[in-house]
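Based on these hints, arrange chain D on the given structure of chain E.
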Amino acid sequence: DTGVSQDPRHKITKRGQNVTFRCDPISEHNRLYWYRQTLGQGPEFLTYFQNEAQLEKSRLLSDRFSAERPKGSFSTLEIQRTEQGDSAMYLCASSFPTGLTEKLFFGSGTQLSVL
Amino acid sequence: AQSVAQPEDQVNVAEGNPLTVKCTYSVSGNPYLFWYVQYPNRGLQFLLKYITGDNLVKGSYGFEAEFNKSQTSFHLKKPSALVSDSALYFCAVRDTTSSTLGRLYFGRGTQLTVWP
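Just so you know, the sequences run in chain order E and D.
Note that the first sequence covers residues 91 to 205 in the working numbering.
Note that the second sequence covers residues 509 to 624 in the working numbering.
Worth flagging that the hints you see were computed from the coordinates, not collected in a lab.
Errors might be hidden in some of the hints.
[Unchecked claim] Residues from chain D shown here face chain E by an in silico Cβ test under 8 angstroms; the list is partial: (1) TYR540; (2) PRO548; (3) ARG550; (4) GLY551; (5) LYS566; (6) PHE614; (7) GLY615.
Glycine is no exception: its CB is placed at the ideal position from the N, C-alpha and C atoms.
The shape of chain E in the complex, shown without the other chains (with noise of 0.2 angstroms):
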């Protein structure tokens, strides 16, 4: 168990330029999660797939959002013409799911500046 890794761990771009996260999940975990935490606030949901099924969004990941996990391993996070507000910790997390009490493990997250 290697734990969750996201590459980068940080990044720092100009206003309208396009990014892209990525996030390995724990080999055996079919579940993949996006999460997105700004100072001083708890993490909120984007997004999470299951295998390469993308079950579920929030209202949060707007069109400029896509998250993408082709053979159900890795994932991506691209977000197009980033804006200032879009500075925030992104966090991933897997799981081996075992219904509604799973838990989640978290990688250390992409820290994204907008400037």
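This is chain D only, laid out in the frame that chain E set:
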């Protein structure tokens, strides 16, 4: 709407003293409740969960939490705090009746500081 409130941004306690980190929740159905801890530069880590049954739940690192349905609370407790317990603690709830079964709703977090 599902929500979690952590009324204290910070909790300070001396080492060896008991600690309590408060959490209240609001869900439309039966709640599944969780506590996670976040250490600096590390991902959130699961501490404990309440599903059904005994209202006192024991978790990792000597932590426990008490579920109170009438007060809609799920306070995190530890009988004797350690300096190494200093971290950011998040309460979270999963609603069992809504269509949004995949998501957790997190509180804003409480920074716990234990001084020597």
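Now the hints, each set against the structure:
1. TYR540: holds, 5 angstroms
2. PRO548: Violated: closest Cβ of chain E sits about 10 angstroms from PRO548(D), beyond 8 angstroms.
3. ARG550: holds, 6 angstroms
4. GLY551: holds, 4 angstroms
5. LYS566: violated, 15 angstroms
6. PHE614: This interface hint holds because 3 angstroms falls under the 8 angstroms limit.
7. GLY615: holds, 5 angstroms
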